[in-house]
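Student: Dock the two chains into a complex; use the hints.
These protein sequence lines are chains A and B, in that order.
Under my numbering, the residues of the first sequence are numbered 2 to 113, in order.
Under my numbering, the residues of the second sequence are numbered 4 to 119, in order.
Don't take every hint at face value.
[What the hints assert, rightly or not] No more than 30 Å apart at the CA atoms, straight line, and that leaves these computed lysine-lysine pairs for BS3-like: (1) K27(A) with K67(B); (2) K100(A) with K44(B); (3) K105(A) with K58(B); (4) K23(B) with K100(A); (5) K27(A) with K44(B); (6) K100(A) with K58(B); (7) K44(B) with K23(B); (8) K105(A) with K23(B); (9) K44(B) with K57(A).
Because the hints were derived from the structure by calculation, they are not lab data.
In case you want the letters, here they are:
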Amino acid sequence: SQQGEEDPQALSIQEGENATMNCSYKTSINNLQWYRQNSGRGLVHLILIRSNEREKHSGRLRVTLDTSKKSSSLLITASRAADTASYFCATCPIRANSKLTFGKGITLSVRP
Amino acid sequence: GAVVSQHPSWVICKSGTSVKIECRSLDFQATTMFWYRQFPKQSLMLMATSNEGSKATYEQGVEKDKFLINHASLTLSTLTVTSAHPEDSSFYICSARDGKRSTVQYFGAGTRLSVL
Chain A
2 SQQGEEDPQA
12 LSIQEGENAT
22 MNCSYKTSIN
32 NLQWYRQNSG
42 RGLVHLILIR
52 SNEREKHSGR
62 LRVTLDTSKK
72 SSSLLITASR
82 AADTASYFCA
92 TCPIRANSKL
102 TFGKGITLSV
112 RP
Chain B
4 GAVVSQHPSW
14 VICKSGTSVK
24 IECRSLDFQA
34 TTMFWYRQFP
44 KQSLMLMATS
54 NEGSKATYEQ
64 GVEKDKFLIN
74 HASLTLSTLT
84 VTSAHPEDSS
94 FYICSARDGK
104 RSTVQYFGAG
114 TRLSVL
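Chain B with its partners taken away, still in its complex shape (with noise of 0.2 Å):
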């Protein structure tokens, strides 16, 4: 149980364009979905959390309109990088939260995100 699918693995952009990433809970509903990005062999920075049916709460130096948040269901939330550039490449991670009470993340198994 507590699977978390993430697509896609994997995508190559031009500069200026937008990718969209798509988090699932397959079988639990996540009322809590978390968004992460992380830098080859570092840790990872949260960057948004995304409550299901609410605006999304930005971490610090996160720039909003740059990486759009819609949780839009109990087992979906997209990502959306928002006119990429190549700094901008990176290793974005969801996670899901199941249930209220606890707070182990069960996460996606990444995208690997390259802006040309």
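Same shape as in the complex, but just chain A (with noise of 0.2 Å):
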């Protein structure tokens, strides 16, 4: 079954925006992560983030977890086109061992 979800679906914007995307979940999780996959290729691990933190950042990455609302933001500051691509929210659950449950993905493209 469908863990997290994201929106916006796509997203496009113009190279050196900001990109935000969210991810809704359900259940309660030991962590949430965000993969990034280029057309046709496999996913990348981006970054994870666990249930006891609230905001991480990794580069031009920052994410932010909200366990109450079961919600994480992932931003993309000063996009390149070169971020173009799916980007999927995936969660672990509790319980679940380490299985990923995975999102319908955002489509980002950032126009150069």
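Tutor: Dropping the structure here:
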């Protein structure tokens, strides 16, 4: 069953702008992860945030987690054309034996 | 580090034949590997979890006799699509966990299967 639900489904921005993507989930989690997928390729792990963390940074990425609202956001600052890809949030539910449940993904297009 | 190699990247086969897809962890030992299926512009659907030296655990609705999974070593898992039919055409992706404590998954590049 679908655990993570991202919004918007598609996002188009100009190079240099910030991109914000949101993810909501339903059950209690151990952690939440964001992945990136270029067209026709596998996924690349971007960042993991644990359930006891509220914010995490990695380069131009900023992830927040609000467990009370069961939601997370991924912010990409100063976007580049190379950031064009699909982005998925994945939740690791408690007692799920490390299985991840992926959302439907957000298609980000960064116009040069 | 944490590189996963998946082969082949693209395969076309006739209906009724079997296709084997390999997934290798190149620089770490993967006690657990996962096999996903992805339809165009959709999310990943977990098919099965593969543990080294034991039988794979299949998700509900996935036919174990149709999708044979073997995890013979800590660096190799294979998915065999048996008696493939056009409806099996899809993008198959494997992933692996590095160690028992981390839940981060490292993905192969995927295999595009087209069954004629």
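Student: Hint by hint, say whether it matches the structure.
Tutor: Outcome of the hint check:
Restraint check for K27(A) and K67(B): the C-alpha separation of about 29 Å stays at or below 30 Å, so the hint holds. Note on K100(A) and K44(B): the hinted pairing holds, with a Cα-Cα distance of about 22 Å set against a maximum of 30 Å. The hinted pair formed by K105(A) and K58(B) meets the criterion: a straight-line CA distance of about 29 Å does not exceed 30 Å. In summary, the hint linking K23(B) to K100(A) is supported, as the alpha carbons are separated by about 23 Å, within the 30 Å threshold.
A threshold of 30 Å between alpha carbons decides the hint, and for K27(A) with K44(B) the separation of about 22 Å falls inside it, so the pair holds. Our distance criterion of 30 Å between C-alpha atoms is met by K100(A) and K58(B), whose separation comes to about 16 Å. For the given pair, K44(B) sits about 24 Å from K23(B) by alpha-carbon distance, which is consistent with the 30 Å threshold. Between K105(A) and K23(B) the alpha-carbon distance is near 27 Å, which keeps this suggested pair within the 30 Å criterion.
Using a Cα cut-off of 30 Å, the hinted pair K44(B) and K57(A) holds, with the two alpha carbons roughly 28 Å apart.
Hint check: no violations occur; every hint is consistent with the structure.
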